[in-house]
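**Student:** Residue strings, one per chain:
Number of protein chains: 6
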Amino acid sequence: MFAHNKRLQYTVRVSETNPGLANLMLEQFGGPQGELAAAIRYFTQALGEDDPGRKDLLMDIATEELSHLEVIGTIVAMLNKGAKGRLAEAAEEEAEMYRSITGAGNDSHVTQVLYGGGPPLINSAGVPWSGAYIDTIGDPSADLRSNIAAESRAKIIYERLINLTADPGVKDALGFLMTREVAHQISFEKALYSIQPNFPPGKLPPDPRFARVYFDMSQGEVDLRGPWNSDENFEFVSNRDEQQAVDGGDGSGTVGLSAKEKTVVTALAKRTASETGLDPMTGAELGMGEASQGTAAAPKKRK
Amino acid sequence: MFAHNKRLQYTVRVSETNPGLANLMLEQFGGPQGELAAAIRYFTQALGEDDPGRKDLLMDIATEELSHLEVIGTIVAMLNKGAKGRLAEAAEEEAEMYRSITGAGNDSHVTQVLYGGGPPLINSAGVPWSGAYIDTIGDPSADLRSNIAAESRAKIIYERLINLTADPGVKDALGFLMTREVAHQISFEKALYSIQPNFPPGKLPPDPRFARVYFDMSQGEVDLRGPWNSDENFEFVSNRDEQQAVDGGDGSGTVGLSAKEKTVVTALAKRTASETGLDPMTGAELGMGEASQGTAAAPKKRK
Amino acid sequence: MFAHNKRLQYTVRVSETNPGLANLMLEQFGGPQGELAAAIRYFTQALGEDDPGRKDLLMDIATEELSHLEVIGTIVAMLNKGAKGRLAEAAEEEAEMYRSITGAGNDSHVTQVLYGGGPPLINSAGVPWSGAYIDTIGDPSADLRSNIAAESRAKIIYERLINLTADPGVKDALGFLMTREVAHQISFEKALYSIQPNFPPGKLPPDPRFARVYFDMSQGEVDLRGPWNSDENFEFVSNRDEQQAVDGGDGSGTVGLSAKEKTVVTALAKRTASETGLDPMTGAELGMGEASQGTAAAPKKRK
Amino acid sequence: MFAHNKRLQYTVRVSETNPGLANLMLEQFGGPQGELAAAIRYFTQALGEDDPGRKDLLMDIATEELSHLEVIGTIVAMLNKGAKGRLAEAAEEEAEMYRSITGAGNDSHVTQVLYGGGPPLINSAGVPWSGAYIDTIGDPSADLRSNIAAESRAKIIYERLINLTADPGVKDALGFLMTREVAHQISFEKALYSIQPNFPPGKLPPDPRFARVYFDMSQGEVDLRGPWNSDENFEFVSNRDEQQAVDGGDGSGTVGLSAKEKTVVTALAKRTASETGLDPMTGAELGMGEASQGTAAAPKKRK
Amino acid sequence: MFAHNKRLQYTVRVSETNPGLANLMLEQFGGPQGELAAAIRYFTQALGEDDPGRKDLLMDIATEELSHLEVIGTIVAMLNKGAKGRLAEAAEEEAEMYRSITGAGNDSHVTQVLYGGGPPLINSAGVPWSGAYIDTIGDPSADLRSNIAAESRAKIIYERLINLTADPGVKDALGFLMTREVAHQISFEKALYSIQPNFPPGKLPPDPRFARVYFDMSQGEVDLRGPWNSDENFEFVSNRDEQQAVDGGDGSGTVGLSAKEKTVVTALAKRTASETGLDPMTGAELGMGEASQGTAAAPKKRK
Amino acid sequence: MFAHNKRLQYTVRVSETNPGLANLMLEQFGGPQGELAAAIRYFTQALGEDDPGRKDLLMDIATEELSHLEVIGTIVAMLNKGAKGRLAEAAEEEAEMYRSITGAGNDSHVTQVLYGGGPPLINSAGVPWSGAYIDTIGDPSADLRSNIAAESRAKIIYERLINLTADPGVKDALGFLMTREVAHQISFEKALYSIQPNFPPGKLPPDPRFARVYFDMSQGEVDLRGPWNSDENFEFVSNRDEQQAVDGGDGSGTVGLSAKEKTVVTALAKRTASETGLDPMTGAELGMGEASQGTAAAPKKRK
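Chains as they are written, first to last, in my numbering: chain H, 142 to 444; chain U, 142 to 444; chain Z, 142 to 444; chain G, 142 to 444; chain S, 142 to 444; chain R, 142 to 444.
For the record, the hints were derived by calculation from the structure and aren't laboratory data. Please note that a few of the clues may not be correct.
A pair counts as met if it fits within one copy or between any two copies, since identical chains are not told apart.
[Stated by the list, open to error] The list that follows gives simulated cross-link-like pairs (lysine to aspartate or glutamate, EDC-like), each with its CA atoms no further than 20 Å apart:
1. 312 / 157
2. 344 / 191
3. 312 / 235
4. 344 / 402
5. 196 / 362
6. 403 / 233
7. 147 / 191
8. 344 / 313
9. 312 / 233
10. 344 / 230
11. 312 / 237
12. 312 / 391
13. 401 / 237
14. 196 / 391
15. 147 / 383
16. 147 / 382
17. 411 / 230
18. 403 / 157
Nothing here was measured: the structure is a model prediction, and the numbers come from that model.
One chain only, chain H, in its complex shape (with noise of 0.2 Å):
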């Protein structure tokens, strides 16, 4: 069960209104990387985790996002406050009030006007949070990795936010919120390495003939190698006939039919047979112009 205690878990000290930064802070509170998305990912992972230590893990951390999705919506709403009942009290005269909501050149413009200031569930660009955010797939070692993944991204995104903020209480608070995603990184990443083996992740093992082949798909000048496909590591594959049908089939598609299924299939294939033999006029040639109408002349070739 969850509790709510009034303080904050950061205490939040904005210098003064800004509904423009408050735009690109929507990234962490209603965006891809951002809180919610942790606390999400996390929660619905400790629901259906089965392991006792794992599972307390995933919801302490499952926890502390959301007290970190307060505060970056507390950052949010304090930047947007002052912009905030604007329009609703028509504060301004309309002019005015046309050039401060379109004024910060960003996406600002639909806080105020759909979500009237508040801290809308939405990114920087307007999106809406999407569930296709979360990658859990149900198996711990998969999903540690996605947690390890999203944290360091996160992470990233609050790097590029404080960047962007002189604003002292901002930044700060910003800080420590990217410093957790450190911390978070720490603790998955020995949860991960706490079972073992974790890889490959899975039960069923990898077909050793394809497990360290290297296959050189991009060609073209030269092509600098690393330990990512190095002989010591992989058999490096650059002949293009050895890339494909590499089962030393004949690399087509097929499949059995039954005679009724075969009777379908040819039937359709015949009536949407296309002709390759004419050369059919065409709504192209019909679209030309009058010149054209009527003949299937061949435009200009090349050279």
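Using the hints, position chains U, Z, G, S and R against chain H.
**Tutor:** The following block gives chains U, Z, G, S and R in isolation, referenced to the frame of chain H:
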């Protein structure tokens, strides 16, 4: 530039048509952990990458994932081939057709009715593919971690699909695709650790006051601890008071407002205040039926 | 700040696993009328709210809804628990596994194949949760009405789910969750009517010429009238002519254009004009087959 | 059946073109609180409604909202008319065109570049309209409450837009549209309260043990109470212990598992267990740079 | 302005309820090729259209499509009518109700549980309608082609639905709706070819060097050629070298950077460079289990 | 199988960085009419296609569109290159950085803050790419028409972008991409008309009673007619009565119900009936303020 060869990277031999199985396979065609998501993820990273080795690595794997998308798409197409054309050619009487379309017990009816038996860009629930599946943020140490996690997720989904079918040709091709995710994960791991240091990600250092603190946010019964929150690695904070306002402030959110802003905020607050001293009649009471019409009689309380 | 206690707000006792039922329960976990939508709705309103009483109310209920999300998520997790691991551990032979995954007759295959049996943030159709479910606009009298409506919708969905299961433990927990929606609706009604006046919402008065007019837009047969369009309450306008251009103008749309704008608009119109005096041959006629090739013969007309 | 008359329901007179203002107006064309959402909401309810009076009411208002969609869409089209064709006709030199396209400071560039100056079905952030905006659930007392709330939201958005423009023709038409939302709200209120009883919604009674309890979930400092949680109306529960497991159980989640299910669950748990007794080296430590390579030295702690 | 008449454009006579069939019919109600998409497509084009003939045509057909939306929605409502109320009234015991809700084998459970048996704005997979279905771009020759294509798609979906049901009343009404798509396609074709020239669309001429070149990008085995790439119509380029950098350049991407920009780009590149000369230990190796702990031993290679 | 060559299909030479222009270019990278949509559209059609000529054509063009995606993505990357790293390296003081991030006047802030300057899979409004953009339905004559329309739309968007930039290298590369859309449209037209007959699409004939009728649904003032609704081509039906219930029935919707179904439907109707004879007090009246508290006094009426 891309070029295409008509031979698949792996030969696809499907024993018999099975639209229901095809529907499940769509997870790796148009689903969040599928091959399009993988190909696009690495391709867009490659375009934005300046490090020549990583750029090459990303384009190599992006190109291979496109080739995998072709393999899994061919599996889907083969599994649907016998069903394709049934609706188009009206090959059976209607009741029989209705039964076969809805009888698979999953979302294969969507493939038949909306997509005509072709491989659609949806997952097994019929949800269209979304760019929101891509979590690239343009920082190499974060993106490589995202790639590592994505490969481990894709490996698991393939493992589940393999466990769902006894068709030897499908099993074989899925085994190849699963194995390649393992190989790609190894490459991305090598690329990540070739960046030194890569932790913490980014350039800004974490705040040392909070980088090694673990907040025990979920409490009750016994806490099972591990290296992810052990005393060796973290300062473990269980006291609820020490979890709040950890900066030493009062845990509130504040902002400086101009005189003009204060006026508007005050006017708005006054106009929309909820009076606490009244017990107004409400719509709920109006809706309780004749007996309570016009009264605000409190319903029965607990105890 | 949020804190978490390992005890649920309501004990969940599920008799036996049932992934199909779990899939239906997802409506209240990751569906539009579910607990996450409720929690986020009130939480974001609380952050933007300045009235101290309402802010407290909103945060109280937001926190309780998060606790309900945990309860319904635990029901989902328990109903899936027996199925979880089946694909991961390859516990049965493939054909049996395929049957059990697709046999529930709804979208539970998505939970198994994509989410590994954990509680995903989707509804019973497999659609990911969306921020578009949240209709908060930052005006208290409108938002409280939205909350009242949301509580009444959630009450109904719970009622439907209760009618779908005979498992006494599930029924009991759903009964609690359903009841709390009723209690929350009462609170939101009290908060709305504590704002006086709250109708019409907002500050701008309606135009008295149109505030009490009812346009009878759908006609035919007999109109059954009620207090929603009675003469006591409305001027009832049935005459089609009086429904148009009710401002007394000509019902057209016009705009003032600069000379430069007129030039461009005219050039565009001229270049893209459809000539009405011709009967051009079209792609449709080209596609009617050899017989009609080159002719624009009109098809048979009705009667 | 629908019929269309070329005269608008309200004459639209726009003084001069303004693509930036047009972009804001899109909120009521293709936005969540806009006229399409309203029309579709009532239209789909009407189709599913059996009560003859309500069915008529819903279709009347649905039809009027379609007519309003035409009015607001005409406003958008007029505001864009001067800009339309500029890109198509290449009417200015490129740098001038670029400046005018991006200079409005909001998302009007999307209307110009993607939609050619026509009125697109997006909101002011460029987000496509979504069926997720419609919250109809097929219960009349819930749906009527949703309609009441929707009308009150739409009224507010119109009010904000009115406060943003000084163009008398735009202001006038918006005033009409705003007023009609008020009239519709009155009708929906009358229809709701004509159902008696309508509270609680649905048929199943709430559990009397929990229907009049208020859980004080957010605590700290002073709680400002009102009729929404007063002793007259509710039992106010502040004790944290009394907020948990309110059914009197232990607050856990349990499920009965068959022997076979237990076997699988146990196997999965064992294979994926996180060992708590180790302090494994992790990727984070590998990434800390050469100095810490191969060690798991704990970073500096707080204090 | 729109007006509504209570008579449908086509009488709907359904023999008996069938929620499973209703679910399939949703494709043409709330699906991508359905009647709402059609109505909105033409309505928004009409609003932005200045050519008086086309504007009238578009509004005529938009209005008819709205009337078709009413017809298909009425079919859905009738097919669900017997099931509606079952959950609301608790008309059967729970197990029976569960069976009937999930037994249709498609997504009809969503209509029952979430939408209460009313016609929801979703497709047959339960995916909410999206503005992304509308591909209008505000150029008449492109939009008319989009309309022609849309009508042909809708015709096909109706044909599939007709082949799925033996109910004579449903078949009859679907036949009418299907036929009208054919009629509309004819009209849109006439309107397109009344613009002369309409090909190439737009105003800018294509580059004559590349307008009649066909790049043979997919090679292998035999290429079956037709008029779409014949020598009469195209220069056929198979040589891979001639497909690259066709402008005669080096096929690279370059940009001019200021000195300051170069400094930043260089700093970023240096900080995040992947060293190619090392073979670092990685997380994958840490995860391979105790045996390989601390070593980077290469796994077995192919052959 | 796909292969990649490091040389682009067209050389990209950008004069100087311009993140604002980059944002507009995203329309053809991750927008609905962009190159990914094109590539995926043809690729998925190719996989499901059995006609060997069309299959080859579709894969040829799909592969070329992927190569175009690389070209436009490279343009985006180059235009952003100077800005990339600015946030990561904290290259300027915060206020300057904030100004440059938000100063472009469109959504380029999203590229910088969320995507780190890399090319994201979004359109110029920041909306993630969606599978809903793909309208393939698996019927060749419909899909080829969709492809023709898609090529004509893409041609237009490129034309608009060309008109927006004076950078000769960007203009040149966009000119190539635009031209190729023209060439592809010609090929798809040839493929469509090689299927004879291809109109009406599909197999079921239209109902001759309704195939050549034009319903004049939008009336008022003068109707400007053209070949799309001329007497030569259509029976023109203006009489409103003849537009309704065109089957000769009563225009109602009916369904056969079993006795049991009737019982439930009746019970539901009775329980939820709106009484028409009352004028109940409503929430609106409660909300009008003290003066009207407890009364249902009708507001002032018009005139």
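**Student:** Each hint should be assessed against the structure and marked as holding or not.
**Tutor:** Hint-by-hint comparison with the structure:
1. Proximity of residue 312 to residue 157 under the C-alpha cut-off of 20 Å is restricted to the intra-copy arrangement: shortest distance 13 Å within a copy versus 32 Å between copies.
2. Proximity of residue 344 and residue 191 under a CA criterion of 20 Å is satisfied intra-copy only: 18 Å inside one chain copy versus 37 Å between copies.
3. In this assembly of identical chains, residue 312 and residue 235 lie within 20 Å of each other by CA distance solely across copies; the values are 10 Å between and 34 Å within a copy.
4. For a Cα distance limit of 20 Å, the shortest separation of residue 344 from residue 402 across copies, 18 Å, qualifies, whereas the shortest one inside one copy, 37 Å, does not.
5. Proximity of residue 196 to residue 362 under the C-alpha cut-off of 20 Å is restricted to the inter-copy arrangement: shortest distance 13 Å between copies versus 51 Å within a copy.
6. Taking the shortest alpha-carbon separations for residue 403 and residue 233, only the inter-copy value of 14 Å comes in at or below 20 Å, while the best intra-copy value is 74 Å.
7. In the homo-oligomer, the alpha carbons of residue 147 and residue 191 lie at most 20 Å apart only across protomers (14 Å), although the nearest pairing inside one protomer, at 32 Å, exceeds that limit.
8. Only between protomers do residue 344 and residue 313 lie at most 20 Å apart by alpha-carbon distance; the minimum there is 16 Å, versus 45 Å within a single protomer.
9. Within a single copy, residue 312 and residue 233 get their C-alpha atoms only as close as 31 Å, which misses the 20 Å cut-off; across copies the closest is 16 Å, which meets it.
10. Within a single copy, residue 344 and residue 230 get their C-alpha atoms only as close as 62 Å, which misses the 20 Å cut-off; across copies the closest is 7 Å, which meets it.
11. In the homo-oligomer, the alpha carbons of residue 312 and residue 237 lie at most 20 Å apart only across protomers (16 Å), although the nearest pairing inside one protomer, at 30 Å, exceeds that limit.
12. For the homomeric pair residue 312 and residue 391, the shortest alpha-carbon distance between copies (18 Å) is at most 20 Å, but the shortest distance inside one copy (60 Å) is not.
13. Only between protomers do residue 401 and residue 237 lie at most 20 Å apart by alpha-carbon distance; the minimum there is 14 Å, versus 73 Å within a single protomer.
14. With identical chains, the CA atoms of residue 196 and residue 391 are at most 20 Å apart between copies only, with a shortest distance of 18 Å across copies and 48 Å within one.
15. For the identical chains of this complex, residue 147 and residue 383 are inter-copy neighbours only, at 14 Å across copies versus 64 Å inside a copy, given an alpha-carbon limit of 20 Å.
16. Within a single copy, residue 147 and residue 382 get their C-alpha atoms only as close as 66 Å, which misses the 20 Å cut-off; across copies the closest is 12 Å, which meets it.
17. Proximity of residue 411 to residue 230 under the C-alpha cut-off of 20 Å is restricted to the inter-copy arrangement: shortest distance 11 Å between copies versus 69 Å within a copy.
18. For the homomeric pair residue 403 and residue 157, the shortest alpha-carbon distance between copies (12 Å) is at most 20 Å, but the shortest distance inside one copy (73 Å) is not.
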